[in-house]
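S.K.: Sequence:
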Amino acid sequence: MMYNSVLVRYSEIGTKSRQTRKKWENILIHNIKEYLKVDFGNIFCSRGRIVILTEKECDLKNIFGVVSFSPAVMIEQDMERIKEKAGEIYSGKKFRVSAKRITKEFPYSSRRINEIVGEHLVKKGGKVDLENFEEEIGIEFLNHYAYIYKEKIKGPGGLPVGVQGKVLCFLEDEKDIEAAYLMLKRGCEIDYCGRNPKELYKYSVGHKIHEYNKETKYIFAVSGKSLDNFEELLETKKRIENEYGMKTLFPVLI
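Quick note: the sequence shown uses numbering that gives the first Met the number 0, first residue 0, plus one each step.
If you're looking for bench data, these hints aren't it; they were derived computationally from the structure. Heads up, the beta-carbon is just placed ideally off N, CA and C, and yes, glycines get one too. Hints should not be assumed to be uniformly reliable.
Quick list of simulated restraints, FRET-style, between CB atoms [what the hints assert, rightly or not]:
#1 Gly-13 to Arg-111: 24 to 30 Å
#2 Asn-41 to Lys-103: 36 to 42 Å
#3 Lys-216 to Glu-87: 50 to 56 Å
#4 Glu-171 to Glu-56: 17 to 23 Å
#5 Glu-11 to Glu-135: 20 to 26 Å
#6 Ser-16 to Asn-195: 35 to 41 Å
#7 Glu-33 to Glu-230: 38 to 44 Å
#8 Lys-213 to Glu-33: 24 to 30 Å
#9 Ile-218 to Asn-195: 20 to 26 Å
#10 Glu-214 to Asp-77: 53 to 59 Å
#11 Arg-8 to Glu-83: 21 to 27 Å
In silico DSS-like cross-links for lysine-lysine, where the CA-CA straight-line distance does not exceed 25 Å [unchecked claim]:
#12 Lys-55 to Lys-151
#13 Lys-201 to Lys-174
#14 Lys-99 to Lys-149
#15 Lys-149 to Lys-92
#16 Lys-15 to Lys-99
#17 Lys-36 to Lys-151
#18 Lys-197 to Lys-174
#19 Lys-236 to Lys-15
#20 Lys-151 to Lys-93
#21 Lys-55 to Lys-149
#22 Lys-174 to Lys-149
#23 Lys-201 to Lys-22
#24 Lys-153 to Lys-93
#25 Lys-151 to Lys-60
#26 Lys-153 to Lys-197
#27 Lys-36 to Lys-201
#28 Lys-122 to Lys-82
#29 Lys-149 to Lys-32
#30 Lys-184 to Lys-216
#31 Lys-60 to Lys-99
#32 Lys-153 to Lys-22
#33 Lys-174 to Lys-99
#34 Lys-184 to Lys-153
#35 Lys-184 to Lys-151
#36 Lys-32 to Lys-60
#37 Lys-213 to Lys-236
#38 Lys-60 to Lys-197
#39 Lys-174 to Lys-207
#40 Lys-21 to Lys-153
Turn these sequences into a full structure, and let the hints steer you where they fit.
M.R.: The structure is reproduced here in structure tokens:
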């Protein structure tokens, strides 16, 4: 089946004020664009969804801010075409249909859409199982188009990298790397002092990770030291504040 779009979902951004939400949506779109290297005109945002118009495979599992994404067939909202395309992507397993009308221009209710498309698939030899389904045919309705898919691939969640300030991460061991990862997940850009966090590059999409620069303004410093060793935590905090003149966020890890 040839898909022609990717439907991207996010959650926490949608809880913000309209002005903040628009700004953060644009940052998430920027990060996706940088990662996929697609033209900006091929990505747009509407009603809590980002739509990427592409036939290429898109893997967004490392893009913070993305809750889930689905390769989809985008078509006009016509019931006969929806039934046809649902039949094309259906693989014959026990199934259920899950329709969601994000915008309400389509005249059928979500429940009725489920029934009509489900009946069509049963006629093709399919078996409905609402509880123990092996395949879920999703249909989302948005701005006069229907997006039909059968995969909802989990993303890392969190906030898009770049919506918060830049922090300096002191990296010596795996705990420090974990703390830096959590800062990226909360939307911070990171620089580092110590070990080069090459394993984090794939998550810092659209925002390069640099070594410490005294000319850069950091909002605070971060380390992976935890309360398990309180004396070491205080010693590290004091050293960072004395040598770098920076407030330290502790503990990131419990």
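S.K.: All hints, please: hold or fail.
M.R.: Results of checking the hints against the structure:
no., hint, result
1, Gly-13 to Arg-111: 24 to 30 Å, "27 Å, holds"
2, Asn-41 to Lys-103: 36 to 42 Å, "26 Å, violated"
3, Lys-216 to Glu-87: 50 to 56 Å, "53 Å, holds"
4, Glu-171 to Glu-56: 17 to 23 Å, "38 Å, violated"
5, Glu-11 to Glu-135: 20 to 26 Å, "24 Å, holds"
6, Ser-16 to Asn-195: 35 to 41 Å, "38 Å, holds"
7, Glu-33 to Glu-230: 38 to 44 Å, "42 Å, holds"
8, Lys-213 to Glu-33: 24 to 30 Å, "27 Å, holds"
9, Ile-218 to Asn-195: 20 to 26 Å, "22 Å, holds"
10, Glu-214 to Asp-77: 53 to 59 Å, "58 Å, holds"
11, Arg-8 to Glu-83: 21 to 27 Å, "25 Å, holds"
12, Lys-55 to Lys-151, "17 Å, holds"
13, Lys-201 to Lys-174, "18 Å, holds"
14, Lys-99 to Lys-149, "14 Å, holds"
15, Lys-149 to Lys-92, "12 Å, holds"
16, Lys-15 to Lys-99, "23 Å, holds"
17, Lys-36 to Lys-151, "22 Å, holds"
18, Lys-197 to Lys-174, "15 Å, holds"
19, Lys-236 to Lys-15, "33 Å, violated"
20, Lys-151 to Lys-93, "17 Å, holds"
21, Lys-55 to Lys-149, "17 Å, holds"
22, Lys-174 to Lys-149, "37 Å, violated"
23, Lys-201 to Lys-22, "23 Å, holds"
24, Lys-153 to Lys-93, "22 Å, holds"
25, Lys-151 to Lys-60, "11 Å, holds"
26, Lys-153 to Lys-197, "23 Å, holds"
27, Lys-36 to Lys-201, "14 Å, holds"
28, Lys-122 to Lys-82, "11 Å, holds"
29, Lys-149 to Lys-32, "24 Å, holds"
30, Lys-184 to Lys-216, "20 Å, holds"
31, Lys-60 to Lys-99, "23 Å, holds"
32, Lys-153 to Lys-22, "24 Å, holds"
33, Lys-174 to Lys-99, "41 Å, violated"
34, Lys-184 to Lys-153, "15 Å, holds"
35, Lys-184 to Lys-151, "21 Å, holds"
36, Lys-32 to Lys-60, "14 Å, holds"
37, Lys-213 to Lys-236, "18 Å, holds"
38, Lys-60 to Lys-197, "17 Å, holds"
39, Lys-174 to Lys-207, "21 Å, holds"
40, Lys-21 to Lys-153, "23 Å, holds"
In summary, the structure is inconsistent with hints 2, 4, 19, 22 and 33 from the numbered list given earlier, while agreeing with the others.
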